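Start from the sequences, fold in the hints, and give me the full structure.
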Amino acid sequence: NAGVMQNPRHLVRRRGQEARLRCSPMKGHSHVYWYRQLPEEGLKFMVYLQKENIIDESGMPKERFSAEFPKEGPSILRIQQVVRGDSAAYFCASSPAGTGVNTEAFFGQGTRLTVV
Amino acid sequence: GNSVTQMEGPVTLSEEAFLTINCTYTATGYPSLFWYVQYPGEGLQLLLKATKADDKGSNKGFEATYRKETTSFHLEKGSVQVSDSAVYFCALSVFGSARQLTFGSGTQLTVLP
Numbered sequence: 001n002a003g004v005m006q007n008p009r010h011l012v013r014r015r016g017q018e019a020r021l022r023c024s025p026m027k028g029h030s031h032v033y034w035y036r037q038l039p040e041e042g043l044k045f046m047v048y049l050q051k052e053n054i055i056d057e058s059g060m061p062k063e064r065f066s067a068e069f070p071k072e073g074p075s076i077l078r079i080q081q082v083v084r085g086d087s088a089a090y091f092c093a094s095s096p097a098g099t100g101v102n103t104e105a106f107f108g109q110g111t112r113l114t115v116v
Numbered sequence: 117g118n119s120v121t122q123m124e125g126p127v128t129l130s131e132e133a134f135l136t137i138n139c140t141y142t143a144t145g146y147p148s149l150f151w152y153v154q155y156p157g158e159g160l161q162l163l164l165k166a167t168k169a170d171d172k173g174s175n176k177g178f179e180a181t182y183r184k185e186t187t188s189f190h191l192e193k194g195s196v197q198v199s200d201s202a203v204y205f206c207a208l209s210v211f212g213s214a215r216q217l218t219f220g221s222g223t224q225l226t227v228l229p
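Line order of the protein sequences matches chains U and P.
Counting from 1, position 106 in the first sequence corresponds to residue 106 in the numbering used here; the numbering is continuous, with no gaps.
One gets the numbering used here by counting positions in the second sequence from 1 and adding 116 to each.
Quick caveat, the hints were computed from the structure, so don't treat them as lab data.
Computed from a predicted model, the values in this text were never measured in an experiment.
We put the CB at the ideal spot given by N, CA and C, even for glycine.
Careful, some of the hints might be misleading.
What the hints assert, rightly or not - In silico contact screen, one side only, chain P against chain U (beta carbon under 8 Å); selected entries: (1) 134; (2) 158; (3) 159; (4) 163; (5) 164; (6) 216; (7) 217; (8) 219; (9) 220; (10) 221; (11) 222.
Said to hold, decoys possible - Derived DEER-like restraints, expressed as beta-carbon distance ranges: (12) U/14 x P/157: 20 to 30 Å; (13) P/186 x U/70: 23 to 33 Å; (14) U/38 x P/145: 20 to 30 Å; (15) U/56 x P/132: 36 to 46 Å; (16) P/121 x U/96: 25 to 35 Å; (17) P/195 x U/61: 22 to 32 Å; (18) P/169 x U/116: 42 to 52 Å; (19) U/56 x P/171: 45 to 55 Å; (20) P/145 x U/29: 24 to 34 Å; (21) U/53 x P/195: 42 to 52 Å; (22) U/62 x P/197: 38 to 48 Å; (23) P/146 x U/40: 40 to 50 Å; (24) P/195 x U/18: 24 to 34 Å; (25) P/171 x U/96: 14 to 24 Å.
In structure tokens form, the structure reads like this:
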């Protein structure tokens, strides 16, 4: 059973371009979470998605950022018109359905975005 | 709001030394507490967790006790190994499960042979 797969691992974009980060959850997982890690900081929650639904986007910047988790295919985190401050590591996690205390999220290896 | 404050690193220890990484938290309600580990080039892995006061989480020789009175969840290991070199993250969730997490800034641990 493959783990959470994120691609690309490294992404370089020029200011003003678009960045698209992909996350394929573990098999059987229907919930996806995106986190951002800025340099020298901890991971910050961005958004929680289930198939075709955004459940909680309280951590998403109001502009330029969007996320989706379609019925088929990976979850996509999209950053439009990137700026240098978007440079960070973006981690995806997935979990099965359920809300019990033993419901664990499994993390991918992250995508490191560099804006030049 | 919710926050986690973690001992700043980097921490460098000799093999077989005792490890403590401090973690304190602020949260509404009664959060669940977690330690995650990130080995070089890999994603975060859940190391241990505790879901209520006085619970002790343990795994791979690491331990942490949920202390409600001091709002702490310090990570300890009696004898570290070179293979323990990694970044350690303390985290909490007010949702009960290890999903929507609030993380500390991470502590880099290097263990020398």
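> Any of the earlier hints contradicted here, and which numbers?
Replying inline: 1, 4, 5, 13, 17, 19, 23, 24
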